[in-house]
Amino acid sequence: MDLFGKSTQNLQRALDYSSLKNQTIAHNIANVDTPGYKAKDVKFDQFLNEASSRLEANRTHAKHLPFDQMEQSFSVKARQNVTYNHNGNSVDLDKEMSELAKNQLYYEAVTERINGKFNTIKTVLGGGS
Amino acid sequence: MTIFHGMNTSGSALTANRFKMDVISSNLANAETTRARVDENGDWQPYRRKLVNQESRDGKFDSFLQQAMNRTNTPGTGVRIDSVTEDQTPFKQVFNPDHPDADEDGYVAMPNVDPLKEMINLMSTTRAYEANVTALNASKGMLMKSLEIGR
Chain F
0 MDLFGKSTQN LQRALDYSSL KNQTIAHNIA NVDTPGYKAK DVKFDQFLNE
50 ASSRLEANRT HAKHLPFDQM EQSFSVKARQ NVTYNHNGNS VDLDKEMSEL
100 AKNQLYYEAV TERINGKFNT IKTVLGGGS
Chain S
0 MTIFHGMNTS GSALTANRFK MDVISSNLAN AETTRARVDE NGDWQPYRRK
50 LVNQESRDGK FDSFLQQAMN RTNTPGTGVR IDSVTEDQTP FKQVFNPDHP
100 DADEDGYVAM PNVDPLKEMI NLMSTTRAYE ANVTALNASK GMLMKSLEIG
150 R
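Protein sequences, first through last, are from chains F and S.
One point on numbering: in numbering that gives the first Met the number 0, the residue at position 54 of the first sequence is 53, and numbering is uninterrupted.
One point on numbering: in numbering that gives the first Met the number 0, the residue at position 49 of the second sequence is 48, and numbering is uninterrupted.
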C-alpha cells in the first residue's frame, strides 16, 4: 500500500541532496586556504543520462522489482569556470557563505513540507477531528 | 557517511585554523629572539619563522574507499595540517655592536619574522575560523530541523 505517495519520496531525495550539498559547502569552506584545492559543487548532471538509458520493460508479476527505481541522481563535481587564487585554490568564500544560507533555507522548507505531509496523514487517521 | 559528516568537516577546519593561530603566535612572540637554538659550532642561531602546510583530506585512502563502496562521490572530509616547516629566507642583519650576540663587524642576525606578514596571516586565519563556525552552526541548525520531522 502506498500510504506516503511519490511526493514524500521526492521530498526525501530533496533532503538527501540538500544534506550532501551542505557537506560539500562545509568542505569548501574548510579548505578556503588550502593550496591547490578546487571548489566542489553538487550537480544534477547524471539525471539526464540515467533517464535516457533507463530500461524500458513490462512487469509481468506484481512482485517483480520495478524498473523505474532511481539511483541517487546527483553527484559531487569540481566546479568549472572559476578563477583561481595565486596558490591554485578556487574557493570563493562569499559565494560559499551565500550558498550555505540558501541551502539551509531550502532544507528547512523541505522539512516543513514533509511535516505537512505527515500532518495530512495524521488528520486522515483521526477522521478529520 | 554519517549525519555528522558536515560538522566533522567544519570541526577539522576549526582545529587546523586554531593550530595555525598557535604557530602565528609563536612567530610573533619570537620576532626578536636571537637565541633559539645552538648550531654545530656551538653558536646561537636566531629563531626561524615557522610555516604551516595544510592539505585537503580528499585524497586520503578512506575517502577513496568510501567512494568505491557507496558508488557516489563523497564531498570530502575536511582539512588537515600536513607539516610545519621553517622559512629558509636569510636572517635580517641589524647593526648593533653593543648586542651580546653581535659578530666581529657589529652585526646581529635577527629572526626572519615579519610582524606585518604575521598579522595579515592572523587576520585571514581568524576570518576563516569565523566562516567555519558559521558553517558549523548551519549544519547544526539543519540537524535540529530534521529532528522536528514528524513532530
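One thing to keep in mind: the hints can contain errors.
[What the hints assert, rightly or not] Within a straight-line C-alpha distance of at most 35 Å, the following computed DSBU-like cross-link-like pairs (lysine-lysine) qualify:
id, chain 1, residue 1, chain 2, residue 2
1, F, Lys5, F, Lys101
2, S, Lys49, F, Lys116
3, F, Lys116, F, Lys76
4, F, Lys62, F, Lys37
5, F, Lys121, F, Lys5
6, F, Lys37, S, Lys116
7, F, Lys42, S, Lys144
8, S, Lys91, F, Lys94
9, F, Lys116, F, Lys101
10, F, Lys121, S, Lys144
11, F, Lys116, F, Lys62
12, F, Lys121, S, Lys139
13, S, Lys49, S, Lys91
14, F, Lys121, S, Lys91
15, F, Lys37, S, Lys139
16, F, Lys5, S, Lys144
17, F, Lys76, S, Lys139
18, F, Lys76, S, Lys144
19, F, Lys42, S, Lys91
20, F, Lys42, F, Lys62
21, S, Lys116, F, Lys5
22, F, Lys101, S, Lys91
23, S, Lys49, F, Lys101
24, F, Lys121, F, Lys94
25, S, Lys116, F, Lys42
26, F, Lys101, F, Lys121
27, S, Lys49, F, Lys37
28, F, Lys116, S, Lys116
29, F, Lys121, S, Lys116
30, S, Lys49, F, Lys94
31, F, Lys62, F, Lys5
The hints are simulated quantities; they were obtained by calculation from the structure and are not laboratory data.
Practice problem: Just pull the numbers of the violated hints for me, sorted ascending. | Solution: 2, 4, 8, 14, 19, 21, 22, 23, 24, 25, 28 and 29
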